[in-house]
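Protein chains in written order, with the working numbering: chain E, 1 to 154; chain U, 1 to 285.
Keep in mind that the hints were calculated from the coordinates and are not lab data. Owing to the predicted nature of the structure, the values given are computational and were not obtained by experimental measurement. Heads up, the beta-carbon is just placed ideally off N, CA and C, and yes, glycines get one too. Don't take every hint at face value.
[Stated by the list, open to error] Sample of chain U residues facing chain E (criterion: CB under 8 Å; computed from the structure):
1) Ile61
2) Glu83
3) Val100
4) Tyr167
5) Pro172
6) Gly226
[Said to hold, decoys possible] Here are some chain E residues the structure puts well away from chain U; computed CB gaps all over 10 Å:
7) Ile34
8) Ser36
9) Ser57
10) Phe58
11) Pro59
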Amino acid sequence: MSLKLDRGFEYLKMLAVISVMILIGQRIGYGMQIISSLPGMIIIALIAFIALVIKDSFPALKFPAFAWASLIALILSMPFMPTAELFLKYTNQVNFLGTTTPILAFAGISVGNKIEDLKRLSWKVFIVAIAVFIGTFFGSAIVAQIVLKIQGII
Amino acid sequence: MSKEKKRSKLEMTEQPASLVKLYLTVLVIVVITEMIGTKTFSIGPGQVVLLPMLFAVIIGIIITPDLLGAKITKLRDLISMTEVKTAGSYVMIALLPLGVKYGTLVGPNIVQVIKSGPAFLLQELGNLGTVFIALPLALFLGMGREAVGATASICREPTLGVIGEKYGISSPEGTGVLGTYLMGTVFGTIFFGLLGGFAVATGLHPLALAMASGMGSGSMMAAASGALAEAVPEMKDSILAYAATSNMLTGVTGLYSVVFLGLPLVNFMYDKLSPVFDKRNRGEK
Numbered sequence: 001m002s003l004k005l006d007r008g009f010e011y012l013k014m015l016a017v018i019s020v021m022i023l024i025g026q027r028i029g030y031g032m033q034i035i036s037s038l039p040g041m042i043i044i045a046l047i048a049f050i051a052l053v054i055k056d057s058f059p060a061l062k063f064p065a066f067a068w069a070s071l072i073a074l075i076l077s078m079p080f081m082p083t084a085e086l087f088l089k090y091t092n093q094v095n096f097l098g099t100t101t102p103i104l105a106f107a108g109i110s111v112g113n114k115i116e117d118l119k120r121l122s123w124k125v126f127i128v129a130i131a132v133f134i135g136t137f138f139g140s141a142i143v144a145q146i147v148l149k150i151q152g153i154i
Numbered sequence: 001m002s003k004e005k006k007r008s009k010l011e012m013t014e015q016p017a018s019l020v021k022l023y024l025t026v027l028v029i030v031v032i033t034e035m036i037g038t039k040t041f042s043i044g045p046g047q048v049v050l051l052p053m054l055f056a057v058i059i060g061i062i063i064t065p066d067l068l069g070a071k072i073t074k075l076r077d078l079i080s081m082t083e084v085k086t087a088g089s090y091v092m093i094a095l096l097p098l099g100v101k102y103g104t105l106v107g108p109n110i111v112q113v114i115k116s117g118p119a120f121l122l123q124e125l126g127n128l129g130t131v132f133i134a135l136p137l138a139l140f141l142g143m144g145r146e147a148v149g150a151t152a153s154i155c156r157e158p159t160l161g162v163i164g165e166k167y168g169i170s171s172p173e174g175t176g177v178l179g180t181y182l183m184g185t186v187f188g189t190i191f192f193g194l195l196g197g198f199a200v201a202t203g204l205h206p207l208a209l210a211m212a213s214g215m216g217s218g219s220m221m222a223a224a225s226g227a228l229a230e231a232v233p234e235m236k237d238s239i240l241a242y243a244a245t246s247n248m249l250t251g252v253t254g255l256y257s258v259v260f261l262g263l264p265l266v267n268f269m270y271d272k273l274s275p276v277f278d279k280r281n282r283g284e285k
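Bound conformation, chain E alone:
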């Protein structure tokens, strides 16, 4: 139990650090005032925390915390939900792109221990991986295009 509590504090600390970075980043990038964005940021961090707790509580589900976070926010913001108006009013004070820069800065640094592994890979892997990316992306896009057309949505 105490281990779980430690973990909870660790999560909160990490979320607090990231929230500060987002607030500063979007102040610079999109001119959004830190004070007026603060309530929305706290709500977002809390949902993120709940997502982590759910994921840790039900490891057998294999549903990532990222997806839990989206799902909770999705439910709270559906048009017929009484929470939608207030929830969106605050969370709209946090910019979507503003949340992405800290992620990618951490992600860039985190691949630092894979550079040597990467150097060992053959150039063939590089080409094949690009083909995998393109195949996955356009495979999905073409199927989606056809089905959306048939449905008359696009």
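Once you have looked at the hints, place chain U on chain E.
Just chain U now, kept in the frame of chain E:
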């Protein structure tokens, strides 16, 4: 083994100085990249959208100990392998606010999203497109069973687990899956960040491209759909909502799709195609 354990225990203990170094470095990257802002320019028929996150990942990679850090001692003192390792655990947490934001984009558009349900489900099958494009290419380049692991899917964590369990991670198939996984980890966001905006030039509908952006990786989805949304700003909200929904769906179906569709299909195609390529490669020699 015991050495390994000892090391991981050491890293578990909090080192405030190391954390502060990492925080400040990331904050500086965030400040710099937000000051640069979004850059958009046209190349031929398409549009290239460079988002701050793209600059952030590139700066992040460059300052690591094996790259710029190898040349500059001061930088190595700032970002050593300890900070690199800690950064990894922060990625997962840092993704969550983005996950919440994506949820707030899907929620208000939920009716429209549900109407597109059939397209969402069927486009998941489109991920198998990799088998038809990448597998022949891998065989053409002379890869063996590595090709099966490398091209079964886009090789995010679920695929890594499935292949590792079935063939062992040190098998040829395991080497293949690790190769694509590594490439995706290092170059995935950069590649999809560039592709997302440019893909509009193909004439495919932005909503179809948005669905394709959800591949089971939060950061790749953000890079692809973020660039796409900047390229087609009048559809921004729908694009992000469709991408997020597709990504959530891949989170649910991804594992099963690899086990029941991707792997059987790639193995079937390998058995059919590899004799052809073997003969051709031998003929050349």
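message: Checking each numbered hint in turn, tell me which of them this model violates, lowest number first.
response: Hints 4 and 5 are the ones this structure does not satisfy, whereas the remaining hints hold.
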